[in-house]
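Read off the chains here:
2 protein chains.
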Amino acid sequence: MNTRPTNNGSEQKELFIKMVLMAWDIHVDRTNKILAELTDEQLAAETSGGKNTGIYLLGHLTAVHDRMISLLGFGERRFAGLDSLFVSSPDKSGFTFPPVTELRKYWNETNTSLSEYFTQMGTDEWFDRHNAVSDQDFAAEPHRNKLNLLINRTNHLSYHLGQLIYLK
Amino acid sequence: MNTRPTNNGSEQKELFIKMVLMAWDIHVDRTNKILAELTDEQLAAETSGGKNTGIYLLGHLTAVHDRMISLLGFGERRFAGLDSLFVSSPDKSGFTFPPVTELRKYWNETNTSLSEYFTQMGTDEWFDRHNAVSDQDFAAEPHRNKLNLLINRTNHLSYHLGQLIYLK
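In order, the protein sequences belong to chains A and B.
Everything in the first sequence is counted per my numbering, starting at 51 for the first residue and increasing by one.
Everything in the second sequence is counted per my numbering, starting at 51 for the first residue and increasing by one.
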């Protein structure tokens, strides 16, 4: 039995997109499951002594995922205001964070939007450059495509998921 | 300027492999950098109150990476004895762990071996099934290939890297 996929460019691409999207979905689902189990009070605690709180990580992940909307060319991101609180500033910056209930909502809305955009994307689009790389750089480094951004963001989510789990 | 890769099966596959291998390499390098910065005493500490120690995570990651050698069909794994300590048992099991200096050595040797095997692999081999999936299951789910295992293990490493960083 030949179990190898045929040497067909389009079929290969679809298989690869599926692999990357499955990894993304699994990690978003895992994060949602943990967030659902954590109370707002638990989220306010530090994930380790002196380290980031769950609220900060939730804001950070939301800001980073929201930014993917513009990086992947889906349109205007919605929560750019979170960057100054959760990306360019560390936790305990003294800035007032939005209420956790709001952050939970932004998080869910952002990932739902991303999922919808993903299903509308054509196979070839995934292999186009994302908006953080120039045309010139992309010509020399064609691996810096939209799918690669999703691989990297999945690893980023996984990294912080390993920290959020400590709040349980 | 057409910056899209051509619709060539083999070229596409090489691009995917590069994307996945780059993410793997980046995360192994980051882990090595953190491990180099941590003393053996720091590694003995808990990454968060009551949670896994750095030593346990080092043993766990080494065991999981060592197992990749057999799952990817590269031959016999070398450190199967670590599984009972670091995979099937939690931290503080009461079992005696190998000295940290030995674990650091196993970790480095394992990732060096994997790197060497990776460079020897043919493009098509990455799209073959890995040894934790049957021929029958693979026929129905061709995404469960060796490259997909590497995507998943990179996320696994990233997850624990987010915890190891707390020892700094």
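Quick caveat, the hints were computed from the structure, so don't treat them as lab data.
Computed from a prediction, not measured in an experiment: that's the story for all the values here.
Worth double-checking, as some hints may not be accurate.
Copies of the same chain look alike in the list, so a pair counts if it fits in one copy or across any two.
Subject to a maximum C-alpha distance of 20 Å in a straight line, what follows is the list of computed EDC-like cross-link-like pairs (lysine to aspartate or glutamate) [to be verified]:
#	residue 1	residue 2
1	Lys142	Glu64
2	Lys142	Glu159
3	Lys218	Asp178
4	Lys68	Asp178
5	Lys68	Glu175
6	Lys68	Asp187
7	Lys142	Asp187
8	Lys218	Glu91
9	Lys218	Glu61
Cross-check of the supplied hints:
| no. | hint | in the structure |
| --- | --- | --- |
| 1 | Lys142 to Glu64 | neither (43 Å within a copy, 44 Å between copies) |
| 2 | Lys142 to Glu159 | neither (25 Å within a copy, 40 Å between copies) |
| 3 | Lys218 to Asp178 | neither (40 Å within a copy, 38 Å between copies) |
| 4 | Lys68 to Asp178 | both (17 Å within a copy, 16 Å between copies) |
| 5 | Lys68 to Glu175 | both (14 Å within a copy, 18 Å between copies) |
| 6 | Lys68 to Asp187 | between (26 Å within a copy, 16 Å between copies) |
| 7 | Lys142 to Asp187 | neither (37 Å within a copy, 49 Å between copies) |
| 8 | Lys218 to Glu91 | within (11 Å within a copy, 26 Å between copies) |
| 9 | Lys218 to Glu61 | neither (41 Å within a copy, 45 Å between copies) |
Consistency note: the structure conflicts with the earlier hints numbered 1, 2, 3, 7, 9.
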